Amino acid sequence: MSRIVIVGGGIIGLSTAYALKQRGVDVVVLERRRPDDTATLTSTGNAGMIVPSHFVPLAAPGMVWKGLKMSLRRGSPFGFRFGTDLSLYGWMARFALRANRKHVERTKFLLRDLNLRSKEIYAHWETTLGPLGYTPRGLAVLCSKAETLHEELELADHAESLGLRIKRFDAQSLDVYDPATPIRAVGGVIFEDDAWITPSAVLSALRGQVEVITATNVKGFVKDQGGKIRAVETTSGPIEGDTWVLAGGVETRDLLQMATGKKLPLVAGHGYGTTIPDSPLAPRRCALLADHRVAITPMQTGLRVTGTMILGGKVGTVDPQRYEGIKRGVFDVFPSAPPTLFDNTQIWQGSRPCSPDGLPYLGKVADDLYLSSGHGMMGLSLGPISGQLMAELISGEKPSLDLSLLDPLRYV
Numbered sequence: 312m313s314r315i316v317i318v319g320g321g322i323i324g325l326s327t328a329y330a331l332k333q334r335g336v337d338v339v340v341l342e343r344r345r346p347d348d349t350a351t352l353t354s355t356g357n358a359g360m361i362v363p364s365h366f367v368p369l370a371a372p373g374m375v376w377k378g379l380k381m382s383l384r385r386g387s388p389f390g391f392r393f394g395t396d397l398s399l400y401g402w403m404a405r406f407a408l409r410a411n412r413k414h415v416e417r418t419k420f421l422l423r424d425l426n427l428r429s430k431e432i433y434a435h436w437e438t439t440l441g442p443l444g445y446t447p448r449g450l451a452v453l454c455s456k457a458e459t460l461h462e463e464l465e466l467a468d469h470a471e472s473l474g475l476r477i478k479r480f481d482a483q484s485l486d487v488y489d490p491a492t493p494i495r496a497v498g499g500v501i502f503e504d505d506a507w508i509t510p511s512a513v514l515s516a517l518r519g520q521v522e523v524i525t526a527t528n529v530k531g532f533v534k535d536q537g538g539k540i541r542a543v544e545t546t547s548g549p550i551e552g553d554t555w556v557l558a559g560g561v562e563t564r565d566l567l568q569m570a571t572g573k574k575l576p577l578v579a580g581h582g583y584g585t586t587i588p589d590s591p592l593a594p595r596r597c598a599l600l601a602d603h604r605v606a607i608t609p610m611q612t613g614l615r616v617t618g619t620m621i622l623g624g625k626v627g628t629v630d631p632q633r634y635e636g637i638k639r640g641v642f643d644v645f646p647s648a649p650p651t652l653f654d655n656t657q658i659w660q661g662s663r664p665c666s667p668d669g670l671p672y673l674g675k676v677a678d679d680l681y682l683s684s685g686h687g688m689m690g691l692s693l694g695p696i697s698g699q700l701m702a703e704l705i706s707g708e709k710p711s712l713d714l715s716l717l718d719p720l721r722y723v
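Throughout the sequence shown, residue numbering follows my numbering, covering 312 to 723 in sequence.
Note that these hints are calculated values from the structure, not bench results.
Source: prediction; values computed, not measured.
Do not rely on the hints blindly, as some may be mistaken.
Unchecked claim - Below 27 Å or equal to it, Euclidean Cα-Cα: the simulated BS3-like pairs (lysine-lysine) are:
1) 534 with 332
2) 478 with 419
3) 456 with 377
4) 573 with 675
5) 539 with 332
Said to hold, decoys possible - Derived CB-CB ranges, DEER-like:
6) 589 with 458: 31 to 41 Å
7) 612 with 537: 43 to 53 Å
8) 654 with 386: 14 to 24 Å
9) 708 with 537: 19 to 29 Å
10) 629 with 568: 25 to 35 Å
Quick reminder that beta carbons are idealized off the backbone N, C-alpha and C, glycines included.
Could you put the whole structure together from the sequences, leaning on the hints where they help?
Here is the structure:
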């Protein structure tokens, strides 16, 4: 029987491995981190949200100008990190070409359907692999400014036209968010089809279902005379396989170039966060603090607070001004949050793999090579459906969704 090797043990790689194993396939996952090393693992430190509401891709109207303008402001929650990495400039040129209304109209149905299908799979996993903290209670977007609320209400109208369920509220009905948690806002929107989950519980459950080799860095690919990949050279020695899936998050760019020489437009979108165990601030619904670009999620492990999206460069030291901005957003919106809320918490850093058009790369690169990356801020949300679609492709089944917009070679 042929062996499939997946490079990358985050939510995308593990979901793919699990979907393949359910089809009776011999599959192994290679993960460069140790099992206890989650300090920079994007799949565990994220906001844990499942978001059919996110049908507008990152490459949306106004995002180029907004990113450039906010890059000039120290501590801003969004922007570009310019430096010596020239790949960011080429990525930005493609990003600018896609950041328009036509692109939103072209992609909105696919993003909606991908997220809805993932939500269905998560609901199934909750009963078969759980408990995973799956909570289909909706996502609230809380607005501090009237201008922001106006934009959010326009998005809500758009969401309703796509068949998504919406609840709008103003300053006189803030308790619809959570009667037990006072908030300071001019209003907001609840996207009732959204949900959330505890990422660490999901990854732990999936690791228990498939073979994972940890602390294993890929150093090169071994090919036969016909150019077919026969093995990878790793820090744990050579590992043989017949079919290969690159699902290494941001590192997928380097892996593809190592395997094929092709350069994938993919940059890191850096974010910060923390988890507050036994938090005195305990809302019953996840929320986006729109004006602060901060997400809060009640999880099994505590209250998760995340924020910022800085595109380009590598993970470095924490920018204290940006992290203070995350904390300030929580205190501004939640007047009951005690001043000591963030005391004795650890700061998480993660790097989201971002494509220039805001859509994942998912599909076949060569006869023996597949790729799944570029999910941006929706990696956790799109993990299960990405795994299912990849398993369908590799198994020779007709994909259950049209993948033409996700072609991994569309920019190569």
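Quiz prompt | Hints violated by the structure (listed by number, smallest first) | solution = none
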